[in-house]
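*Asks:* My request is simple: use the sequences and hints to build the entire structure.
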Amino acid sequence: MGCTGLIDSASINIYRPVLTRTSNKPYTRRRLSMAAIRAESMATEKLGIFVEKNPPESKLTQLGVRNWPKWGCPPSKFPWTYDAKETCFLLEGKVKVYPDGSDEGVEIEAGDFVVFPKGMSCTWDVSVAVDKHYQFE
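For the sequence shown, the UniProt record's numbering gives the first residue as 1, with consecutive numbering after it.
Read the hints as simulated data drawn from the structure, not as lab findings.
There could be a bad hint or two in this list.
Said to hold, decoys possible - Below, in silico cross-link-like pairs of lysine-lysine (DSSO-like), each with a Cα-Cα straight-line distance of 27 Å or less:
id: 1; residue 1: LYS118; residue 2: LYS70
id: 2; residue 1: LYS59; residue 2: LYS94
id: 3; residue 1: LYS85; residue 2: LYS96
id: 4; residue 1: LYS46; residue 2: LYS77
id: 5; residue 1: LYS53; residue 2: LYS118
id: 6; residue 1: LYS59; residue 2: LYS118
id: 7; residue 1: LYS118; residue 2: LYS85
What the hints assert, rightly or not - Cβ-Cβ distance ranges computed for the label pairs, FRET-style:
id: 8; residue 1: PRO69; residue 2: GLU45; range: 22 to 30 Å
id: 9; residue 1: GLU104; residue 2: THR61; range: 28 to 36 Å
id: 10; residue 1: LYS53; residue 2: TRP80; range: 19 to 27 Å
id: 11; residue 1: PHE78; residue 2: GLU104; range: 29 to 37 Å
id: 12; residue 1: GLY101; residue 2: THR61; range: 32 to 40 Å
id: 13; residue 1: ASP100; residue 2: GLN62; range: 26 to 34 Å
Glycine included, every Cβ here is placed at the ideal spot set by N, Cα and C.
*Replies:* Listed below in structure tokens is the structure:
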């Protein structure tokens, strides 16, 4: 289960373990098309917050994300206002962000690439300690 993907170089197919039982085999492996791989890196925008789940490492490298400053906090709840656009990549943690004026929140977690717009006021509800790279524009 610690496998994140194996490449079969002959056919450029990616195999991932699937937790299903078939006949008397405890696990089966399935082929994922490139479209399915791209779908794993889904991007959405909700309540003005852009979230891309599992962005490709090539994107993080191109942006220099691993060289950005780091910030972290323990589980807590606090208000925050973005004086500038913030782009961040969560290394660890789980947060629900509630933009002011909304009862609905946006969940972000480890592995998410997130963009918060300049001027947004919100409340961060951190359920699992956060460690992230960030950049203000």
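*Asks:* Next, verify each hint and record whether it holds.
*Replies:* Now for the hints, and whether the structure bears them out:
Distance restraint check for LYS118 and LYS70: the Cα-Cα separation of roughly 19 Å lies within the 27 Å cut-off, and the hinted pair is therefore satisfied. Distance restraint check for LYS59 and LYS94: the Cα-Cα separation of roughly 22 Å lies within the 27 Å cut-off, and the hinted pair is therefore satisfied. Of the supplied pair hints, the one linking LYS85 and LYS96 holds, its CA atoms being roughly 18 Å apart against a limit of 27 Å. At most 27 Å may separate the alpha-carbon atoms for a hinted pair to count; LYS46 and LYS77 meet this at roughly 20 Å.
Under the criterion of a C-alpha separation no larger than 27 Å, the hint pairing LYS53 with LYS118 is consistent with the structure, at around 21 Å. Distance check on the hinted pair: LYS59 and LYS118 sit about 22 Å apart at the alpha-carbon level, within 27 Å; holds. For the given pair, LYS118 sits about 4 Å from LYS85 by alpha-carbon distance, which is consistent with the 27 Å threshold. Roughly 25 Å separates the CB atoms of PRO69 and GLU45, a value that falls within the hinted 22 to 30 Å.
Take GLU104 and THR61: their Cβ atoms lie about 33 Å apart, and the range 28 to 36 Å holds. In this structure, LYS53 and TRP80 meet the distance hint of 19 to 27 Å, their C-beta atoms being roughly 22 Å apart. Checking the proposed 29 to 37 Å range against PHE78 and GLU104 shows it is violated: the Cβ atoms sit about 19 Å from each other. The supplied range of 32 to 40 Å is met by GLY101 and THR61, whose beta-carbon atoms lie about 37 Å from each other.
Between ASP100 and GLN62 the C-beta distance comes to about 33 Å, which sits within the given range of 26 to 34 Å.
In this structure, only the earlier hint numbered 11 is contradicted, and the remaining ones agree with it.
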